[in-house]
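Q: Chains as they are written, first to last, in this note's numbering: chain A, 1 to 284; chain B, 1 to 293.
Worth flagging that the hints you see were computed from the coordinates, not collected in a lab.
Just so we're clear, the structure is a prediction, and the values are computed from it rather than from any experiment.
Glycine residues also receive a C-beta, built at the ideal position from the N, C-alpha and C atoms.
Any given hint might turn out to be false.
Said to hold, decoys possible - Per the computed footprint, the stretches of chain A lying under chain B, defined by three or more beta-carbons under 8 angstroms from a beta-carbon of chain B, are:
1. 109-117
2. 158-170
3. 210-220
4. 250-258
Stated by the list, open to error - Sample of chain A residues at the chain B side, in silico, Cβ under 7 angstroms:
5. Phe16
6. Thr102
7. Val125
8. Phe130
9. Phe262
10. Tyr265
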Amino acid sequence: MQSLVQPIAQMLTYPFMAHAFEAGTIVAVVAGLIGWFMVLRRQAFAGHALAVVGFPGAAAAILLGVGAAYGYFTFCLAAALAIALLPPSRGGRGDESAVTGTVQAFALASGFLFVSLYHGFLNGVDALLFGSFLGISQGQVLALLAAGLGALAVLAMIGRPLLFASVDPEVAAAGNVPVRALSVVFLLLLGVAVAEASQITGTLLVFALLVAPAATAQTVTTRPAVGLVLSPLIALVVTWGGLTLAYRWPYPIGFFVTSLAFAAYVIARIATAGLGRGGQGGAR
Amino acid sequence: MMAALESWTGIGALLAHSFLANAVLAGTGIALAAGLAGYFLVLRGQVFTGDALGHVAFTGAAAALALGLDLRIGLFVATVAVGVLIGALGPRGRSDDVVIGNVLAWVLGLGVFFLSLYVTSMSAGNGTAGVTVLFGSIFGLSAGQAWTAAAIGLAVAVSILGIARPLLFATVDGTVAGSAGVPVRALGVVFLALVGLATAEATQAVGALLLLGLLAAPAGAAQRLTARPYVALALSAGLAVFDMWAGLALSYAVPVLPPSFSIIAVAAAVYVAAFVASAARRDRSGDAVAETE
Chain A
1 MQSLVQPIAQ MLTYPFMAHA FEAGTIVAVV AGLIGWFMVL RRQAFAGHAL
51 AVVGFPGAAA AILLGVGAAY GYFTFCLAAA LAIALLPPSR GGRGDESAVT
101 GTVQAFALAS GFLFVSLYHG FLNGVDALLF GSFLGISQGQ VLALLAAGLG
151 ALAVLAMIGR PLLFASVDPE VAAAGNVPVR ALSVVFLLLL GVAVAEASQI
201 TGTLLVFALL VAPAATAQTV TTRPAVGLVL SPLIALVVTW GGLTLAYRWP
251 YPIGFFVTSL AFAAYVIARI ATAGLGRGGQ GGAR
Chain B
1 MMAALESWTG IGALLAHSFL ANAVLAGTGI ALAAGLAGYF LVLRGQVFTG
51 DALGHVAFTG AAAALALGLD LRIGLFVATV AVGVLIGALG PRGRSDDVVI
101 GNVLAWVLGL GVFFLSLYVT SMSAGNGTAG VTVLFGSIFG LSAGQAWTAA
151 AIGLAVAVSI LGIARPLLFA TVDGTVAGSA GVPVRALGVV FLALVGLATA
201 EATQAVGALL LLGLLAAPAG AAQRLTARPY VALALSAGLA VFDMWAGLAL
251 SYAVPVLPPS FSIIAVAAAV YVAAFVASAA RRDRSGDAVA ETE
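Please put together the full structure from these sequences, using the hints given.
A: Spelled out as C-alpha cells, the structure:
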C-alpha cells in the first residue's frame with residue numbers, strides 16, 4: 001500500500017498536477033450529474049454537438065489572443081440557446097439530426113479555418129480536440145469551480161421537476177410543470193457542463209465524461225437517487241485514473257480517460273446482462 | 001448539370017491545374033456517394049451512425065499510420081467492419097444513441113493513442129498527419145488517388161441505387177416490408193457497409209470530422225424541399241455534388257480558405273436556404289403541406 005500511495009502523493013506535490021486534479025474533480029462532478037440527466041433525456045447527440053461547437057470557440061479565442069476558456073463558454077452557451085430556441089421541427093427525428101449534423105460539421109469546419117488562419121498553431125489542434133491537462137492555472141481552476149457551482153445550484157433547484165419532465169413530459173405538462181422552459185434551462189446547463197469538460201478531455205472526447213459514467217450508472221440502477229450518486233462517482237474515478245496514467249505514460253490523457261470510461265460501461269453492461277438472466281433486467 | 005458546368009466561364013483554365021482537376025474528379029464521386037447514402041441515413045434516423053463511422057475512419061487511418069501501412073487500408077477496413085458491426089448488433093439494424101456515443105468516444109481515444117504512437121515513433125515533424133486525417137486535404141490528391149476515389153464513389157452510388165427500392169420500403173415501414181419478404185435486417189447491414197465505404201472515401205476529401213456535413217446537409221436540404229422519396233434522393237445527390245464543386249471553386253478563388261471549410265460552408269448555406277424556402281412555402285400554403293408530410 002505504501003508503495004502505491006507514495007508516488008501519488010509525490011505526483012501531487014507538482015503544482016501543475018495538483019491543479020489538474022482540482023480541475024478534473026470539478027469537471028467530473030459537474031459532468032457526471034448533468035450527464036445523468038442528458039442520458040435520461042436522450043440528448044446525447046445535442047451534448048456532442050455542443051462540445052463540437054466549443055472547438056471553433058476556443059480556436060477563435062486563441063486567434064484573438066484571449067483564453068480558450070472564454071471561447072468554450074461563449075460558444076457552448078450560445079449554441080445551447082440556439083438549439084433550445086429553434087422551433088421544434090415537424091420533419092421528425094431524422095430531420096432534426098440532419099440539422100444537428102450540419103451545424104456540427106460547420107462548427108468543426110469553422111474551427112479548422114480559424115486554426116489554419118493562426119499560423120504555426122496547427123499542432124495545438126490536438127490539444128483542443130483531444131484534451132490536455134498541462135498548464136492549468138489557479139485562476140482557471142477557480143473559474144471552473146465558480147461556473148460548476150453555479151450550474152449545480154441551478155440543477156438542484158430544477159432537479160425534481162426536470163426529472164418529472166424528462167421521464168414523462170406529457171403527464172408533467174398536464175401537471176403544470178413548465179416542460180419547455182425546463183428544457184431550455186437544462187440545455188444551458190448542458191452548455192456549461194460541456195464547456196467545462198472540454199477543457200480537460202478536449203472537444204471530441206467530452207462524451208467520455210458526460211455520457212459513459214451516466215450511461216453506466218443507468219445501466220446499473222433505475223433509481224434516480226442512486227444513479228445521481230453513482231454517475232459523478234464513476235466520472236471521478238475515471239478522471240483521477242486518467243490523470244494518474246497520463247502522468248505516468250507519455251500518451252494523451254484523452255486516450256486514458258475514454259478507455260477507463262468505456263471499460264466501466266462495458267463491465268456494467270456485461271454484469272447486468274448476467275444478472276438480468278437470473279432476476280430482473282437493468283435499466284436498459 | 002454538365003452543361004451548366006461547361007458554360008461556366010473560365011472553367012477550362014480552372015481545370016488546367018492538375019491538382020484542381022484531381023480534386024473535382026475525386027470530389028464528384030465522393031459527393032455522389034455521400035449524397036445518396038446521406039439521404040437514407042437521414043430518413044432512417046441514423047445520422048449519428050454516420051458520425052460514428054467518421055470517427056472510426058480517423059482511428060483506422062491513425063492505426064494504419066502507426067503500423068506503417070497505407071492509410072487507406074486502415075480507413076476502409078475500419079469503417080466497413082464497424083458499419084457491418086453496428087448494423088448487425090443494433091435492433092433491426094438501427095442503433096442506440098447512447099451505445100454509439102460510448103463506442104464513439106472510446107474509438108476516438110484509441111485514434112489519439114495510435115496517432116501519438118505514430119508521431120513519437122517517426123520523431124520527424126509529422127505532427128500534422130492527424131490534422132490531415134481529421135480535416136482532409138482534397139487538393140493534395142494524386143491523379144491515381146483521384147481516379148480510385150471517383151471509381152469507389154461511383155460504385156457505392158450504383159450499389160445504393162440498386163437497393164434503393166427495397167431499402168426505402170424497409171425504412172418507411174419495416175414491419176410490413178418484413179412480412180412482404182423484404183430482408184430488412186440484411187438490407188440494414190448492407191446499407192451500413194456501403195455507408196462505411198462512402199465514409200472512408202469522404203475522409204480523404206473533407207476529413208473524418210467534416211464528412212458528416214456532406215452526409216447530413218444535402219440530404220436534410222432535399223428532405224426539406226420535397227416529400228417524394230425518389231425526387232429527394234436525386235436532389236440530395238445533386239446538391240452534394242453542387243456543394244462540392246462550389247466549395248472547391250471558392251477555395252481556389254480565395255486560397256486562404258481551406259477546401260474542407262469551403263465545401264462544408266457551402267453545404268450549410270444550401271441547407272439554410274432550403275430551410276428558409278420550405279418555411280416560406282409552408283407559410284403560404286398553410287396546412288396543405290403539413291398534411292403531405
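Q: Taking the hints in turn, state whether each one holds.
A: So, going through the hints one by one against the coordinates:
no. : hint    : result
1   : 109-117 : holds (count 6)
2   : 158-170 : violated (count 0)
3   : 210-220 : holds (count 3)
4   : 250-258 : holds (count 8)
5   : Phe16   : 19 angstroms, violated
6   : Thr102  : 4 angstroms, holds
7   : Val125  : 6 angstroms, holds
8   : Phe130  : 5 angstroms, holds
9   : Phe262  : 4 angstroms, holds
10  : Tyr265  : 5 angstroms, holds
Checked against the numbered hints given earlier, the structure breaks hints 2 and 5 and satisfies all the rest.
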